[in-house]
Amino acid sequence: MKNNLTIADTIAWLKLHGLPVLPVAPIQDSEKFPLIRNGKIIYDGDRPKPAFTGKNPSYLDLHGYPHLLPHRKYQYQLPEQQEIDRWFRNPKNGMMTMGGWGNIYWIDIDVKRYSSGQSCDRSVQSWLRRFPKLRHTFTEKTHSGGWRFAVRCEIAPEFTNFRFDSSSQHRGEILGKGRLTVLAPTIGPSGNAYKSIQCCDPIVVKTLADIGIQPIQKPKLDRVIKPVLTPHIEGVPRLEQLVCAQVQRILNGEDPHDDRSHSLLVAALELHGWMNWSNRSGIPISGDPKSLLLTAAENLGVATERLDRILRGQNLETCVPALYQVAGAEAILQKVKWVTR
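Quick note: to get the working numbering, add 64 to the position in the sequence shown (first position is 1).
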């Protein structure tokens, strides 16, 4: 294990591979720094939940005071060097990055999915024997004793929770677009460090199935899917026509992330992104994000109260459509023309 890996080493590796460099502050006392939403402290039993978990984007300044880092924009743009310099002035800060950049996905094998750390290790070693090329990819051990592997996928996976193809048991998560992964040599909430096993280029695979990774198959529910119905106005595009294909699937009751809360959040950002663009451009769109989200939640079997909790604290006024982030304003106009032709 390369326990002498430094923050500077990891920053250099992330930059070399075109990945965002993000900070993570050590876990903080929840009594001093509680999690607050809409002006109210969020509790876990009798104790406040911590605002700084040791796993969320954040940093300590030079005086040791913690700051949360709004990170959504780094799904689509790399931080400036002056930002990186500011975040890592305090040597107690750890680091993280986001999945999906450069088609790099992180296979997060969770020790909690096993009876013991030894059982987890044996399972990983068996997997490596079946797919020996994984011994030549970026590998780390997490602070809690799990494992994390980076691979570059030619075809992006559309699931989060996974199993090995030799088992039906849930073994971890695929950390893709928008998902965060903490990296060595960060000190985790347990007090143990994330450890680098191999800091090298991620191997390339066509699909995760090629290395024995399969989605968890959820039992199908006998649920009637409510159709998405936005009134038709001649010459005006409907909101559900404009959103990306993945969000159209979510509106119709699919859960492409194997995490209904995350899928609904993805849908909310896209729906509100298009409506924000409409309001700024003056080009009308027929439809209401709230109504469509309520329909999606009903189709996914998510209660309205839970949907409210998912959206609580999200800054939906500043989001933009996924198409704009990828291809720019001209592509937005072309899509509007295409759906209204």
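Keep in mind that the hints were calculated from the coordinates and are not lab data. Remember, it's a predicted structure, so these values are computed and weren't measured experimentally. For glycine and all other residues, C-beta sits at the position ideal for the given N, C-alpha and C. Do not take every clue at face value.
Stated by the list, open to error - Quick list of the computed label-pair ranges, beta carbon to beta carbon:
1. 397 with 280: 12 to 22 Å
2. 264 with 194: 16 to 26 Å
3. 312 with 125: 40 to 50 Å
4. 197 with 348: 23 to 33 Å
5. 365 with 309: 20 to 30 Å
6. 186 with 274: 36 to 46 Å
7. 109 with 297: 44 to 54 Å
8. 264 with 401: 28 to 38 Å
9. 354 with 280: 24 to 34 Å
Inset, instruction - Starting from the hint 16 to 26 Å, judge whether the C-beta atoms of residue 264 and residue 194 obey it. - result: Check passed, 20 Å falls within 16 to 26 Å.
Inset, instruction - Could you tell me whether the CB distance from residue 354 to residue 280 stays inside 24 to 34 Å? - result: For residue 354 and residue 280 the Cβ distance comes to about 30 Å; the hint holds.
Inset, instruction - Hint says 40 to 50 Å; check whether the CB-CB distance for residue 312 and residue 125 agrees. - result: For residue 312 and residue 125 the Cβ distance comes to about 43 Å; the hint holds.
Legend entry - Whether the CB-CB distance between residue 109 and residue 297 falls inside 44 to 54 Å: The hinted range 44 to 54 Å holds for residue 109 and residue 297, with Cβ atoms some 50 Å apart.
Legend entry - Range hint compliance [Cβ, residue 197 to residue 348, 23 to 33 Å]: violated (52 Å)
Inset, instruction - With respect to the beta-carbon atoms only, verify the hint that residue 397 and residue 280 lie 12 to 22 Å apart. - result: violated (40 Å)
Legend entry - Supplied distance hint 36 to 46 Å, evaluated on CB atoms of residue 186 and residue 274: For residue 186 and residue 274 the Cβ distance comes to about 23 Å; the hint is violated.
Legend entry - Cβ separation of residue 264 and residue 401, checked against the hinted range 28 to 38 Å: Since the Cβ atoms of residue 264 and residue 401 sit about 46 Å apart, the hinted range of 28 to 38 Å is violated.
Legend entry - Distance restraint hint 20 to 30 Å, applied to the beta-carbon atoms of residue 365 and residue 309: At roughly 22 Å between Cβ atoms, residue 309 and residue 365 fall inside 20 to 30 Å, so the hint holds.
The earlier numbered hints that this structure contradicts are 1, 4, 6, 8.
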